[in-house]
Structure formats: C-alpha cells, structure tokens
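There are 2 protein chains.
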Amino acid sequence: MYYIGIDVGGTNLVAGLVDTGAHLVSRMSIPADRTKDADGLIQDMIGLTVRLCEEGETRIDRQYDIKAIGIGIPGQVDNRAGTIVKTVNMPLSNTNIRAAFQTVWGAPVFLGNDANCAALGEYWAGAARGCDPAVMVTLGTGVGGGMVSGGRLFDGFAGSGMEVGHMITHAGGRLCTCGNRGCWEQYGSATALIHQTIEAMESHPDSLLWQICGGDLKKVEGRTAFDAASQGDAVASGVLERYREHVAVGLISLVNMLQPEIICIGGGISNASDEMLMNPLRKLVLAGSYDKGNHTRITRATLGNDAGIIGAALLCRSI
Amino acid sequence: MYYIGIDVGGTNLVAGLVDTGAHLVSRMSIPADRTKDADGLIQDMIGLTVRLCEEGETRIDRQYDIKAIGIGIPGQVDNRAGTIVKTVNMPLSNTNIRAAFQTVWGAPVFLGNDANCAALGEYWAGAARGCDPAVMVTLGTGVGGGMVSGGRLFDGFAGSGMEVGHMITHAGGRLCTCGNRGCWEQYGSATALIHQTIEAMESHPDSLLWQICGGDLKKVEGRTAFDAASQGDAVASGVLERYREHVAVGLISLVNMLQPEIICIGGGISNASDEMLMNPLRKLVLAGSYDKGNHTRITRATLGNDAGIIGAALLCRSI
Numbered sequence: 002m003y004y005i006g007i008d009v010g011g012t013n014l015v016a017g018l019v020d021t022g023a024h025l026v027s028r029m030s031i032p033a034d035r036t037k038d039a040d041g042l043i044q045d046m047i048g049l050t051v052r053l054c055e056e057g058e059t060r061i062d063r064q065y066d067i068k069a070i071g072i073g074i075p076g077q078v079d080n081r082a083g084t085i086v087k088t089v090n091m092p093l094s095n096t097n098i099r100a101a102f103q104t105v106w107g108a109p110v111f112l113g114n115d116a117n118c119a120a121l122g123e124y125w126a127g128a129a130r131g132c133d134p135a136v137m138v139t140l141g142t143g144v145g146g147g148m149v150s151g152g153r154l155f156d157g158f159a160g161s162g163m164e165v166g167h168m169i170t171h172a173g174g175r176l177c178t179c180g181n182r183g184c185w186e187q188y189g190s191a192t193a194l195i196h197q198t199i200e201a202m203e204s205h206p207d208s209l210l211w212q213i214c215g216g217d218l219k220k221v222e223g224r225t226a227f228d229a230a231s232q233g234d235a236v237a238s239g240v241l242e243r244y245r246e247h248v249a250v251g252l253i254s255l256v257n258m259l260q261p262e263i264i265c266i267g268g269g270i271s272n273a274s275d276e277m278l279m280n281p282l283r284k285l286v287l288a289g290s291y292d293k294g295n296h297t298r299i300t301r302a303t304l305g306n307d308a309g310i311i312g313a314a315l316l317c318r319s320i
Numbered sequence: 002m003y004y005i006g007i008d009v010g011g012t013n014l015v016a017g018l019v020d021t022g023a024h025l026v027s028r029m030s031i032p033a034d035r036t037k038d039a040d041g042l043i044q045d046m047i048g049l050t051v052r053l054c055e056e057g058e059t060r061i062d063r064q065y066d067i068k069a070i071g072i073g074i075p076g077q078v079d080n081r082a083g084t085i086v087k088t089v090n091m092p093l094s095n096t097n098i099r100a101a102f103q104t105v106w107g108a109p110v111f112l113g114n115d116a117n118c119a120a121l122g123e124y125w126a127g128a129a130r131g132c133d134p135a136v137m138v139t140l141g142t143g144v145g146g147g148m149v150s151g152g153r154l155f156d157g158f159a160g161s162g163m164e165v166g167h168m169i170t171h172a173g174g175r176l177c178t179c180g181n182r183g184c185w186e187q188y189g190s191a192t193a194l195i196h197q198t199i200e201a202m203e204s205h206p207d208s209l210l211w212q213i214c215g216g217d218l219k220k221v222e223g224r225t226a227f228d229a230a231s232q233g234d235a236v237a238s239g240v241l242e243r244y245r246e247h248v249a250v251g252l253i254s255l256v257n258m259l260q261p262e263i264i265c266i267g268g269g270i271s272n273a274s275d276e277m278l279m280n281p282l283r284k285l286v287l288a289g290s291y292d293k294g295n296h297t298r299i300t301r302a303t304l305g306n307d308a309g310i311i312g313a314a315l316l317c318r319s320i
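Protein sequences, first through last, are from chains A and B. Residues in the first sequence are numbered consecutively from 2, following the working numbering. Residues in the second sequence are numbered consecutively from 2, following the working numbering.
Possibly wrong hints are sitting among the right ones.
Remember, identical chains collapse to one label, so a pair may be satisfied in a single copy or spanning two.
Below, computed lysine-lysine pairings styled on PhoX-like, alpha-carbon distance capped at 25 Å [said to hold, decoys possible]:
| hint | residue 1 | residue 2 |
| --- | --- | --- |
| 1 | K37 | K87 |
| 2 | K68 | K37 |
| 3 | K87 | K220 |
| 4 | K87 | K219 |
| 5 | K87 | K284 |
| 6 | K293 | K37 |
| 7 | K284 | K68 |
| 8 | K293 | K87 |
| 9 | K68 | K293 |
Because the hints were derived from the structure by calculation, they are not lab data.
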C-alpha cells in the first residue's frame, strides 16, 4: 500500500510514492509549464501521478495499491471542498482540483498548504519524528511555517493557521506584502537578508561582500553574507549578527506561544554552517524562552524538498 | 456528579462546585492568608473544598459525588507530577499539591495555569462555547492567554505554552520582566496602558486626565484614559488609539499564527465600552488578518472570574 504526494511548485511539479513507513520510494518531476492554465496544469499533475505508478522505479497497480493522494499547494486550500482558494504565482486559484483528480483516480484526494506539508514530512519522516508539538519554519523567499500537534496538522479553523511569517515582530516597521507593517518575514526571510546585505554594502564600499558578488548588487544572494563572513569580513559578520537576532525574535515568540518540543528550520538559509546559524540561534532562543526549565530543541530540517512530498502524501493520516 | 474547581489568587482562594453541564452551582471564598506557608495555604484550600460540599448551597456527599478536583494556579504547574513548579506572588513553588489533596480526597486532582483555566472556562461555558480553536486573552496586570483546540487545552510539550504576553511584538522595545525586550505585555497590558496614560499626562498638563485622577499620578488606573476619553479629552483619545494599536498587533499575530475561530478578551481592560475598545479592535484585527476570507471572531469574555473556577473544575475533561 502506498500514498502519492505531489509538491506543486512554480518551477516544477513533483510527485512521489511514499510507503506506509513514510519512506519516499520513488519520485518523478516535470517542469511547471507557465503557458498552461489551471486545467492544463492539473492534467499534467494527473498524468504525472499515473506515470509515477506505471513507469516509476516501483511499479504498482495504481487502482489497487494507492491508499490516498495528497497535494501540497503554495497557497491557500479548502480541503473540505477540495478546492485551491488562492495561489500567488500560479493560475490555480478557485479550482476544484479534487474533482479533476477523481475523474481518473478512485483514491481519496487531500489538499494542504506547502509549508504545512513540509512540517508534516519532517514530523513523519524527518528531524521532528516523535516530537509533539512539532513546528517547522522555512526561511526562504518568505517565512513559512507549520505545526503538527497530537499527530495532526494544526492549521486553524479555516486552514490558514501557522502563517508565522505574518506574525508582527517589529510593530510599525517595514511594510509587508500582506499590508501590515513589521511582519517577521520582512526581517527573517532570505529576501530580508538580501536587503540587509545590500544596505550594509551601500554604506561599506570596502567590504568583501562587493567582491563576492562581483561588484553587482543584483547578484547578492542569501548566502553572500555567510560566504563573506566565513572569510573574515566584519561587515558581513555584523549583517549576520543582526539577521540572527531578527530570526531569533520570531523563534522566541513561537517558543513562548506554542512551546513546541522541536522547531525544525528549513529553506535555503538553513544550509548555512552551524557556527554561523544554528549555534548562535540556539543561544539567543534559549536566553529568550519564558520557560527556562524546558527547552524547545532548535534544529535543521533534514528532508529538504522531500519533506513537502512526504507530508502531502501523508495528509490523509494527519487532518 | 460534580467537579470542584479552585481558583488560587494572591487575594482570595475561591472554590466552586460545577455540574456536568459546566454550570457553577455553588461557590465559597476565603482570603489568601499571606502569613501562611505552602502547607498552611494548601490546608486552607482543602478545608474550603470540604466545606463547599458540606455547607455550601448545594450539599453533596463529598466522597461519592465529586468526580474530579481541578486547581488553577497563577504560575507554572507540572500536572503529570502533581506539583506547582513556580508561582510569582505566593509561596507555593516546588509543592506537591496533589499529594496533599489526596490525603483527604479520593477524587483525582488536576492542575492548570490560571490563564489556561480561564480559557477552558470560556470554552466550556462562556463566549467560546463550541469554537475550535478558541483563544482567550486576558488584558490585566500582564497579558495572559490560553487556547483550547479539539476540546483539549493546548499548552505545549511542558505545560508553558500560550504565554502570549511574552510574544515579541516590538523587537528591541521596552524591557520586560522576563528579560526580553518588546514583549506584548509591555504594550498591551493594563499596566502598560497606565504607563502610557502617565506619559501623556506628563506632556499635557491641561488634559482632563489630571482631574480624573485628582492630580495624583499614583491614582492613574487602566480605566482612567477610558473615563477621560468618554468625556471628550483628546489626549486620552490619543492614548487609547495607540494602546488599541498595540493590543491589535498582538491579536493580529495570534490570528495569523493560530487562526482561532474566536478570541475572547478578558481582564479589567475588557470592561471598557464597545465603542472605545472592542469595535475599533475588531476593525484593526480584520484589516491585519492574513486570511481575508475567514475571520476570527473577537469578543468579550463573558464569565469574568468564574471562568477560572469552571475551567479548573473541567481540567479533567480537557487535558
């Protein structure tokens, strides 16, 4: 018996076959065709799931061996109705994706937000196995999050809970895309780190940061400050020190509100070295935690992009 | 069949008899004797529960009719061990209160934090009945909170979750008693409003605020600004406008993180008129909510001090 998980991304559509032990046993990927409309994209996903069963490394009888299908969407879903409510970079808003799948598939179809699916993946198969509650935070283009509590996804009364990037940490601060000022993702995301790096470069023309990005501000990435700091650049070290404080402020709020047993950190930023990211973050969060006797473990997520596939596949167990 | 709930406060010890329909059918109260040590206070509580059954309005056979006892503590408890871990203003830290009760009582004894008990009370019998998840926020000396999700108390892996007052909303801001800077309770509590009122008075010697507190800054209370604003004082209105923004910032974070079906607001501040508090707060929170299609209801808590008694009594159903 297997589960199919689909990770819908702006670049690729990825489907994976997950066994009952939460192992990803096979995967298949196609580019997300940006010229297609919702119907075309969904037909691509359906075709991908069929080929995954019939042509993948583990070939199975798709009508008998698939227990459930789960789809992780970069946006807001209504799992009860089977619809995608809103996506930002893909033309999938207001689509009944479940109905489309069920013209081909007999297995039940579950929908989840991609950050929630990543949290579920880390909970079922990654760094957060056995932890309750388990929180996942993704430091990427934005700041995403998800929580599993009592083995179930915690996502509020209408599926939009754990939008941790839109917790307000700096009241009155930077304007966010959501319309509020001072959202955590304006300070703690990779995008924010890039802004902070550029600002520091503009006031420090001698910094090594300029060499690392070839003198071109457009080439500044999330890793640029980490690279320069590891080569001893004091400006970059200062940027990172402030950035870690911004990240820690949100993590402290999560700890004091949710007291999770673990917070797994994923996203591009989480690839930085322990010395430059996780170790100093742990110290800051520990110092700011309200309950000094019971510490939330802060750790790197371990599944990378697979978390979203595994979590989507196991939505049926978790909602 | 009844439950006993005990609300342990710095001023009074209150015990109540709660029926299976979550109604408070009888209550009894004694002053908390500040000269007594932990053992003396606990003996007072035990005596109170015995008298509640034998002498209260509803007399019952205390060994047969009591299903469970719950105790709400202003501090941190370890329900598994039956101990009070830490209290701030009472000498009850590191006390096995369950063991003491069980020398007299056969019924099981449950422990909870007082803010969590208030949330449970509003969930079982007050404004949050039937709401899932339900969040309670208390704007008092500090800012307290609790959440009920799936009918159970959500309090983290070690019982200290939902310390919402120590969510950081103003990074780098006012120093909090917890050691962090910018905790919500430094901006949104009644204590914070008093500070904000005094600051405004110091720069506006003509404000009506001075008359209302008889020219004595020590007489400024949480309600002072509300009283002055309702008499048309512009300075007080300005204080309240900023205060509501501070409260809203934390509520928006709660909505975006937890997406509760309801947030009940209790504590002294919640007694202000709808026009001065709840209506403008609702507008601010609505505008700041990430999910514009599904709104968290923001409402006044309805049970007042009874919430803590009812919630404590029903801890056995909720943890």
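Between the shortest in-copy and the shortest cross-copy C-alpha distance, which are at most 25 Å for K293 and K37: within, between, both, or neither?
-> neither (53 Å within a copy, 28 Å between copies)
25 Å Cα cut-off: does K87 pair with K284 within a copy, between copies, both or neither?
-> between (38 Å within a copy, 23 Å between copies)
Checking K87 and K219: alpha-carbon separation at most 25 Å within a copy, between copies, both or neither?
-> Neither, since 30 Å and 53 Å both go past 25 Å.
Copy assignment of K37 with K87, given that the CA separation must stay at most 25 Å = within (17 Å within a copy, 60 Å between copies)
Copy assignment of K284 with K68, given that the CA separation must stay at most 25 Å = Neither: 43 Å inside a copy, 45 Å across copies.
Classify it for me, K68 with K37: is the Cα-Cα distance of at most 25 Å met within a copy, between copies, both or neither?
-> neither (29 Å within a copy, 63 Å between copies)
Taking 25 Å as the upper bound on the Cα-Cα distance, should K68 and K293 be classified as within, between, both, or neither?
-> Classified as neither: same-chain Cα gap 44 Å, cross-chain 34 Å, threshold 25 Å.
Under a CA distance limit of 25 Å, which applies to K293 and K87: within one copy, between copies, both, or neither?
-> For K293 and K87, the Cα distance is within 25 Å only across copies (11 Å; inside one copy 40 Å).
First find the shortest C-alpha distance between K87 and K220 inside one copy, then the shortest across copies, and answer within, between, both or neither for a cut-off of 25 Å.
-> Neither: 31 Å inside a chain and 52 Å across chains, both beyond 25 Å.
The structure fails hints 2, 3, 4, 6, 7 and 9 (numbered hints given earlier, in ascending order).
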